[in-house]
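**Student:** The primary structure of each chain is shown beneath.
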Amino acid sequence: MIGLLKRDLTLALRAGGGFGLSLAFFLIFTALVPFGIGPETGRLAEIAAGLLWHGALLACLLSLDRIFQLDWEDGTLDLIATSPLPLEAAAALKALAHWLTTGLPLVAAAPILGLLLNLPGPANPWLVASLLAGTPALSAIGTFGAALTVGIKRGGLLLSLLVLPLYVPTLIFGALTATRGAQGLDATTPLVLTAGITLGACAILPFAAAAALRVNLR
Amino acid sequence: MVLTVTNLACARGPAQVLAGLSFSLKAGEALILRGPNGSGKTTLLRTLAGLTPPITGTITHAEGAIAYGAHADGLKTQLTVAENLTFWANIFGVRDISAAITTFALAPLADRPAGELSAGQKRRLSLARLLVTGRPIWALDEPTVSLDTENTARFAVAVNAHLAQGGSAIIATHIDLGLPGARSLEITPFIAKGMPAHDPFAGAEPFSGADL
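Read top to bottom, the protein sequences are chains A and B. When we follow the working numbering, the leftmost residue of the first sequence carries the number 1, and every step to the right adds one. When we follow the working numbering, the leftmost residue of the second sequence carries the number 219, and every step to the right adds one.
Just chain A, same shape as in the assembly (with noise of 0.2 Å):
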């Protein structure tokens, strides 16, 4: 089981891994902020916490076609099928892969990118624990997405309008304990409310991308 967890880790590290790939498009991201919205210091305190949500979201969306989509070209997931290996557990992996790969690094660049927005003091570590609490969930409903369009040739936009609506719950709550936080309120019931979401996706979601790859699989 820990072979293809270490296998797509080694994979996302090596060159072409499309490793940091979502790290720079936060980055981007976060520093075009400015320029578009203006450097008013007080203005962008104010929607730091959301905008950095937002930045995260995105740039894990940008990797999610990658999770199942090379081993589909290759072969590799027919045989993967096969093995013992139940595929319930191979779609957890994968997720777990993509969250080691893209979330935490985002959750670690998160306080860093925060200067950039100028975003108060006191509100970093809610940042930190929304992104801890939240970026899970978008990873195992990435894998999922990604179960369901595996086999589409450049179904990278079918599977980002499957997934956007399914992330509204995680945005809301991730970046509402975000915000409270910045405003010095206490943010503990969405914090607990995107943890929430976390353990109810891990906990259901590799069935259905199980699921979803045994139908695509035929």
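Derived by calculation from the structure, the hints in this document are not laboratory data. One or more hints might be untrue.
Unchecked claim - With a cut-off of at most 20 Å between alpha-carbon atoms, the simulated SDA-like pairs for lysine to any residue come out as follows:
| # | chain 1 | residue 1 | chain 2 | residue 2 |
| --- | --- | --- | --- | --- |
| 1 | B | K340 | A | G75 |
| 2 | A | K6 | B | D329 |
| 3 | B | K340 | B | G282 |
| 4 | A | K6 | B | R401 |
| 5 | A | K6 | A | E88 |
| 6 | B | K244 | B | K340 |
| 7 | A | K6 | B | R313 |
| 8 | A | K6 | A | L85 |
| 9 | B | K340 | A | K153 |
| 10 | A | K153 | B | A290 |
| 11 | B | K244 | B | P398 |
As the structure is a computational prediction, the values presented were derived from the model and not from experiment.
Starting from the known structure of chain A, fit chain B onto it as the hints suggest.
**Tutor:** This is chain B only, laid out in the frame that chain A set:
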């Protein structure tokens, strides 16, 4: 019997491809699937491997007995030859990849990334994967594509060794592999021409806008 297929009908996508197919396979036996291009050899092998459910009929074999060798090599080009094999050995719970490396003479290539290999070398690596599955029934789809004469013979030796150890193989191929005692199965008589696949909406009323 390690594998028994009774009255099997299978489909690829929406089209039924084969119907009324029955055969069985003993331990130590090889079965060569014959049939022209597009006759359904790949569909049959995918059905046996469990990727496509059969429309009718039964396939009986021990749980996790079939190792499927697809047309695609299923290699990761960024990983080395040894890393590719180690990954599959780990998935199948096998410890040792050295037998697979020596059987297909991959030792000089072990540290090369799979992406730098020639088509024939990739094929050998893909076939070596069968040895690290440790599974008794090999279901192979055109295993000798892009192999030269020497390596085709090497593959035949590997299959014979597998059969001698009580394994079995079902191989779709167009060439003579040189497997003594292998049976042939011509699938042309079982081609389901023009038979529609099972359609869950077949009996439904046609949709008409007037119902709205």
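**Student:** Would you check the hint for A:K153 and B:A290, treating anything up to 20 Å between C-alpha atoms as holding?
**Tutor:** holds (17 Å)
**Student:** Is the Cα-Cα distance between A:K6 and A:E88 20 Å or less?
**Tutor:** The given pair, whose Cα atoms are some 17 Å apart, holds under the 20 Å limit.
**Student:** Hinted pair, alpha-carbon criterion (20 Å max): A:K6, B:D329. Please report holds or violated.
**Tutor:** With a Cα-Cα distance of about 18 Å, the restraint between A:K6 and B:D329 holds, given a limit of 20 Å.
**Student:** With a cut-off of 20 Å on the C-alpha distance, tell me whether B:K340 and A:K153 pass.
**Tutor:** Since the Cα atoms of B:K340 and A:K153 sit roughly 24 Å apart, the hinted pair is violated (cutoff 20 Å).
**Student:** Can you confirm whether the C-alpha distance between B:K244 and B:K340 stays at or below 20 Å?
**Tutor:** Distance ~30 Å between B:K244 and B:K340 Cα, so the pair is violated.
**Student:** A:K6 and B:R401 were given as a pair; does the straight-line alpha-carbon distance stay at or below 20 Å?
**Tutor:** The given pair, whose Cα atoms are some 42 Å apart, is violated under the 20 Å limit.
**Student:** Run the distance test for B:K340 versus B:G282: straight-line Cα separation, threshold 20 Å.
**Tutor:** violated (25 Å)
**Student:** With the threshold set at 20 Å, check whether the alpha-carbon distance from B:K340 to A:G75 stays at or below it.
**Tutor:** Given pair B:K340, A:G75 holds - Cα atoms ~13 Å apart, limit 20 Å.
**Student:** Holds or violated: are the alpha carbons of B:K244 and B:P398 at most 20 Å from each other?
**Tutor:** With a Cα-Cα distance of about 15 Å, the restraint between B:K244 and B:P398 holds, given a limit of 20 Å.
**Student:** Does the structure keep A:K6 and A:L85 at a Cα separation of 20 Å or less?
**Tutor:** holds (14 Å)
**Student:** If you draw a straight line from the CA of A:K6 to the CA of B:R313, is it 20 Å or shorter?
**Tutor:** holds (16 Å)
Checked against the numbered hints above, the structure violates hints 3, 4, 6, 9; every other hint is satisfied.
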